[in-house]
Amino acid sequence: MTWRVTPLALSLLTVVGWIVSLAVLTARADLLVVAVPLALGLATLARRAALPDYTLVRRFSRDRLLEGESVTVEVEVTARSTIPLMELLDPLTEEGAVITGKPRAVLAIPQGETARWSYEIRYPIRGIHDLGVVIARVHDRWGVRTWERRHVEQSRIRVHPRTAPLRSLPRPLRTQTSVGDYVSPLFGEGIEPGDIREFVPGDRVRQVNWRASLRLGTLYVTQHHRERNADVVLMLDTLAQVGTPLFTTLDAGVRAASSLAAAYLARKDRVGLVIYGGLIDWVRPGSGPSHHHRLADSLLRADVVFTYVAKDLKLVPPRVLPARAFVIALTPLLDRRFTQAVLDLIARGFDVAVLVVSPVDLVRASLGPAPIDQLACRLWTLERRARLADLRRHGLPVVEWDPATSLEAAVAGLDRRRHRAVLTR
Amino acid sequence: MRWMAPLAFAVVLFALTLRTAFIEPLIVIGVAALALVVVGLLLPWRWPFVAAACLFLTGHALALWGMDAPVDVPGGLGFGLALLFLLHSAHAGRAMRGASVGARVLREQIVGWVRFAVVALLAAMLAMGLAAPLSGVLPAALAPLLAAASALGVVTAVILAARRVGR
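From first to last, the protein sequence lines stand for chains A and B. Using my numbering, read the first sequence as starting at 1 and increasing by one per residue. Using my numbering, read the second sequence as starting at 1001 and increasing by one per residue.
It is possible that part of the hints are untrue.
To be verified - Here are some of the chain B residues that sit facing chain A, going by a computed Cβ distance under 10 Å:
| hint | residue |
| --- | --- |
| 1 | 1047 |
| 2 | 1049 |
| 3 | 1050 |
| 4 | 1053 |
| 5 | 1073 |
| 6 | 1080 |
| 7 | 1081 |
| 8 | 1085 |
| 9 | 1091 |
| 10 | 1096 |
| 11 | 1101 |
| 12 | 1102 |
| 13 | 1105 |
| 14 | 1151 |
| 15 | 1155 |
Claimed, not checked - A few chain A residues that face chain B, going by a derived Cβ cut-off under 10 Å, partial list only:
| hint | residue |
| --- | --- |
| 16 | 11 |
| 17 | 13 |
| 18 | 14 |
| 19 | 31 |
| 20 | 32 |
| 21 | 33 |
| 22 | 45 |
| 23 | 89 |
| 24 | 143 |
Just so you know, these hints were derived from the structure itself, not from any lab. Model, not experiment: these values are computed from the prediction. Ideal Cβ placement from N, Cα and C applies to all residues, glycine included.
In isolation and in its complexed conformation, chain B is listed as follows:
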């Protein structure tokens, strides 16, 4: 579980990027991200996983931008879930390093992931359903203000979280 789950999610992320655009620069970025995942599994560091996630994201964004691909909400949602599960499985794997792992741990993790994927899918569908009528109601001039408020919210959340981070 400590090895298989992060590697599997990393491969899924790589495949999702290549599905959008199968070009050499993206393969290089994907392979570098996979290498970082392996480094994170071998060494007791957390940053290789975060760096790998950011690299996968960069590759995915470049693929969407370079190919001028159409909007794909399920694809984006799948990519986000794979990213989350990569980071979560790396976090759980770190706790399992050098420990005896109970029989139920793997089952509980998989059940949790499946349950969360279903909830995220439902939430996305609800958000898409609400977004269509709202886009007609909200004036376009409010969009930058909304973006700025969102960015401020993210920065505040980062600061609050960083102050309470454990190990």
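Bound conformation, chain A alone:
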């Protein structure tokens, strides 16, 4: 803890100097009496003051929240020695907006008592926000001396992307071996009837199809389709982003990825993640609510890291991109290296669908209504349409999604495009 003499002491000295000058100029010694209280205030500096003794505890109402939600921060100061005046400051990050209370406080705490200060911060956009620093400045009784300390502790708030509920999802073409919600073409245990065949020893009596057996004169059993799950790998393009500082194509892509992950996990599928950018990051496919937290944490860190190096998907371990996995690529199609990576996946036999986050409307929102800007946006739209048509000709199921519209409609369109692309292939 460092102590300093405050500017108030300098002000007092200036005024005392002025009093002495006036006393000399006017030859009025009684003016010096005016300087006595000020000199007494300054004289407290000569006294060796004890360090202020207090404890500061900081609590958060929660450490994980969704975009747009708020967290209440409560600071509790317990004074072991009297604190005449204490300034507390929370140097907030730019992303957070204080909605209730203030990020600065002034407290006076008698010895042995506790004072509390709370405020509420809203985070409109995903991210990991460090709230570990509080600056405390204690003034002495006469404000001529202050002690300052930075209280640093590990406290982070994780703001997860908001997920949109998705009812209809693109169906994976291939299923895995675990039990799930998809009807497999293979026969086995299940509830979806598929075919009938003659009874063989070992079949259960309850599998006997009595209607067919009576009609055909011999025992027949009903075969059922297996219900299996699928491996879904979300591949997020972080090579480039455009948009306003508070909302970019990457933010929209992260929201879409989070929504898709939540929806597929709810269907008992295993969901993996590949963040494809300047730095490649991944999460192995897994299932369950805890895995959603793992995916969400990884999505929080997704950011654009600029690089000229063309990243190769060979870097991604096979366990992250398992055979028979369904890959959903989320991209604004701003960097050709990502398109190349997707075409590479198709060439390796993966079932791939591409959800293109449209950057045009985000850019249009950040531009003014100038005709030249609008014309540029229209030309860009035409250019992107031609590019999407080109990708579709390569057999790639591509759907463009404007982040201002519903994700569910775009995802439904993706399923239709995929069936068409499969038929074309």
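Given chain A, put chain B in place with the hints provided.
What follows is chain B alone, placed relative to chain A:
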């Protein structure tokens, strides 16, 4: 508290000056000083308060000198306390700018001011009690030397304080 206390002390200073001499030049000086206090409250600067304090002092000194008023120790002490509290409340108010202020802050400030006023009054009375016998003992030739030593002490203190001033 951020507005009321400095304004109240500024008004007290103005009234104390006018009590000594109710003349137009002093009213002008007092109004200018009040305006500076308002400027200091509105803007995040410290110098308007110091300038206002110096203006109030100038007005008070002119009033005493112009009117050839008799020595008034309690009046001078009151003026000094008001000056100190003006600067102190401005300093505390600056810390409160844009902050949520705890319930006890105002009470603690007032208690502190009252306690200090009592201590200053007692100190002044003690000093007056000691000054009378000392004035008879000390030779008049030592007075300029004492004044010079005091001035040197003030300058040294200013330099030391300026070197450790925070914000």
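Consistency of the hints with the structure:
1. 1047: At 9 Å from the nearest chain A Cβ, residue 1047 (chain B) passes the 10 Å test, so the hint holds.
2. 1049: Holds. Min distance 7 Å.
3. 1050: This interface hint holds because 5 Å falls under the 10 Å limit.
4. 1053: Holds. Min distance 5 Å.
5. 1073: With Cβ-Cβ at 5 Å, under 10 Å, it holds.
6. 1080: holds, 4 Å
7. 1081: holds, 5 Å
8. 1085: Because about 9 Å separates residue 1085 (chain B) from the closest Cβ in chain A, which is inside the 10 Å limit, the hint holds.
9. 1091: holds, 4 Å
10. 1096: holds, 5 Å
11. 1101: Result: holds, 5 Å to nearest chain A Cβ.
12. 1102: holds, 4 Å
13. 1105: holds, 5 Å
14. 1151: holds, 7 Å
15. 1155: holds, 8 Å
16. 11: holds, 5 Å
17. 13: holds, 5 Å
18. 14: For residue 14 (chain A), the interface hint holds, since the closest Cβ of chain B sits about 6 Å away, which is under 10 Å.
19. 31: holds, 6 Å
20. 32: holds, 8 Å
21. 33: holds, 3 Å
22. 45: Hint on residue 45 (chain A): holds, closest Cβ of chain B at ~8 Å, below 10 Å.
23. 89: holds, 8 Å
24. 143: Hint on residue 143 (chain A): holds, closest Cβ of chain B at ~5 Å, below 10 Å.
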